[in-house]
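Number of protein chains: 2
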Amino acid sequence: MSSRWPVTACSVAPYEIRVCEPLLAEGNRALTEYGHVPGRRFVILDSAVAPSWQDRLLSYFRAHGIQPTFMVVPGGEQCKNLETVGAIIHRLRQFGLDRRNEPVILVGGGAVLDTGGFAASIYRRGVPFIRVPTTLLAYVDASVGIKTGVNVGTAKNLVGAFHPPALVLLDREFFSSLSPRDIASGLGEILKLGLGCDEDLFDMLDAAADTFATTRLRDAAGFTILARSIEVMLDELRPNIFERELCRRVDLGHTFSQAFEMSSLADPLLHGEAVALDLNLSALISVRRGLLSEKESARLANLTDELGLPGVPPAMQPPAVWDSLTERTQHRAGRQRAPLPLRIGECTSVDDLREDEVVDAFRELAARTTAAATADSATRPPRQAAAARLKHVEERP
Amino acid sequence: MSSRWPVTACSVAPYEIRVCEPLLAEGNRALTEYGHVPGRRFVILDSAVAPSWQDRLLSYFRAHGIQPTFMVVPGGEQCKNLETVGAIIHRLRQFGLDRRNEPVILVGGGAVLDTGGFAASIYRRGVPFIRVPTTLLAYVDASVGIKTGVNVGTAKNLVGAFHPPALVLLDREFFSSLSPRDIASGLGEILKLGLGCDEDLFDMLDAAADTFATTRLRDAAGFTILARSIEVMLDELRPNIFERELCRRVDLGHTFSQAFEMSSLADPLLHGEAVALDLNLSALISVRRGLLSEKESARLANLTDELGLPGVPPAMQPPAVWDSLTERTQHRAGRQRAPLPLRIGECTSVDDLREDEVVDAFRELAARTTAAATADSATRPPRQAAAARLKHVEERP
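Here the protein sequences line up with chains C and H, keeping their order.
Letter 40 of the first sequence, counting from 1, is numbered 40 in the numbering used here, and no numbers are missing.
Letter 252 of the second sequence, counting from 1, is numbered 252 in the numbering used here, and no numbers are missing.
Note that these hints are calculated values from the structure, not bench results.
Every value quoted in this text rests on a predicted model; they were computed, and no experiment measured them.
Virtual Cβ for every residue (Gly too), placed ideally from N, Cα, C.
Hints are not guaranteed to be accurate.
Unchecked claim - To spell it out: a stretch of chain H is covered by chain C in this simulated footprint if at least three of its residues, at any positions, have a beta carbon under 8 Å from a beta carbon of chain C; those stretches are: (1) 44-54; (2) 91-105; (3) 221-234; (4) 237-248; (5) 302-316.
Between the sequences and the hints, there should be enough to build the whole structure, so can you do that?
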């Protein structure tokens, strides 16, 4: 009679990320063909998207014989908490969601995808869900992998799950209703992939930097950049999709970013804006260590500016930056595993960052922001010139 | 340039269920050798167990150079909710739990294992945890598979995760502090495995039924029964551990059990008690359908009684039983998939239960309880004679 029983829990979950434009065309069944419960779907909709898109979604579903039940949740970090998860669970139960045959449809930015995805991951131990990203940032980031999660207090993504979506459907038409800052924020995350993993992507961004204001990546060059971003991201994620390995090149830009993101409660930076600041801080640390040339760090700074991404918030103090690294070290199981750029398109990981070098590099970055602001007010158009340019062409569907 | 990207999220998580007696012997390193953070561990402890075992656990850990941080949570269904999960998450963050190298140790009954396991499943998208079941029910049920979860309102296990433990450590010494009702409740879950999957196990239970009061399954026969239970359970779970297939023989006894479990808020039935009532109800339905012989149904009823398991609570009404089936149908993705016994050791699954046959069978079961109670008061020792017998030998470590 045995007294040891080995068990292996083996799970294989395939999914597809699919460009599907125009997603809401009457003849396009992509959003309705998954699932077997006829006549209805539960749709979680980002409040930032609802004014422009809820009516079109309603028409689309009705044209396919489906009555959607919408739950509109606040977009951005304000929805990303356990209270929203509880509210979604409650609504799913009221709806009587089928456990297997009725995918929850998530339409929104990264925070809504992460929060709705987490609720779906734990409702009856996991129900299928479809992601439809509506922001550039969510398109290239939250949509791609299998992570879901919400914040607890000030701790970002403290709870969550690795839970693959059933399907990811991409359509750039949603970008038409984004603000210029949202576009720039998404470009910040693409910039990370270029700097850390793929020089070609960095070059593409550089070459097209002055077009994004008008194209919003809805032209052929934009398509190429987005496809490349997803491919670079997948190259990093595929062999490590459950993060067994905690040294990850895609963590570049995510060591100090929480400090930037949390720096001003009154006017918080967007995620991609904070990532871009982290990239520049990491580059300055690399330069100080002789890992990266000053020229490449300057090239990064230039492109960051051209993409309409902001400088260091004036109120921010150095200790916040070090605290962010401390928190990340805990998340990365006791080692810093801090990615630092080696050149455009390549990065390494270090465990020995010292507080003094981080603080010095931060001061250098902050001084650069101050200098640029002074120069701006004297000789150039106002700061965030690119973002201002974008504003002129903002459009609504 | 592609516009479709297939991704496969593949996860292989091995774990071991191990009998390890006596677990808390000074020389036994089983509970401390997993993990790489020296000097400390976070231990979630069932309040039902704390009075008898916390000091011994403390001595054990200290003898191994470990300072345990205990979090005592209420045992039983009262802990099994999102509030407790939130409290655990908060404490794990305060503790600064390492994401990979510091397993959360859960010591308790099924509710504590399910709740603590769920908190560990979602904290930083999953940290390792070790289960140490302290009840007979948890030993043969909650410990074995990969399910975690909590109730939301009256909905049992409405949220949860499939998340394998790092390790399961079994020691029957904990049974010494169980109440007779807890022992009987655990026997109810073993009875299910015997009736639905394994005639030998049913026979073993039958043969030893009058010994459990004194042995509490801590003798050789008890060991054989427990090992057989785990093996039968694993035979069912291994090919279907993520419940891709929703027709499951181990769901026998879990179609109507929620109605029994929820029938009396003042004095709720224990899980295994409710399961045993469901088994008998299912058997009566099977008899009415000609699927099971009256003789085998009577044999089940006899053994149920001998094991000290109770009859139908007097206050209970038939609609609750049908509602439970309706809820389970939703959980089983729109089909009843109700297991019904065919003979001792074998069951089938049906989708066409009618309300009238369920209600009639329930009335028959309730009448049997009433008749037994009348006979008891006239000619036999008080009802739940076996449980009363157990009370005399209750011991504390």
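Now for the hints, and whether the structure bears them out:
| no. | hint | in the structure |
| --- | --- | --- |
| 1 | 44-54 | violated (count 0) |
| 2 | 91-105 | holds (count 6) |
| 3 | 221-234 | holds (count 6) |
| 4 | 237-248 | holds (count 6) |
| 5 | 302-316 | violated (count 0) |
Consistency note: the structure conflicts with the earlier hints numbered 1 and 5.
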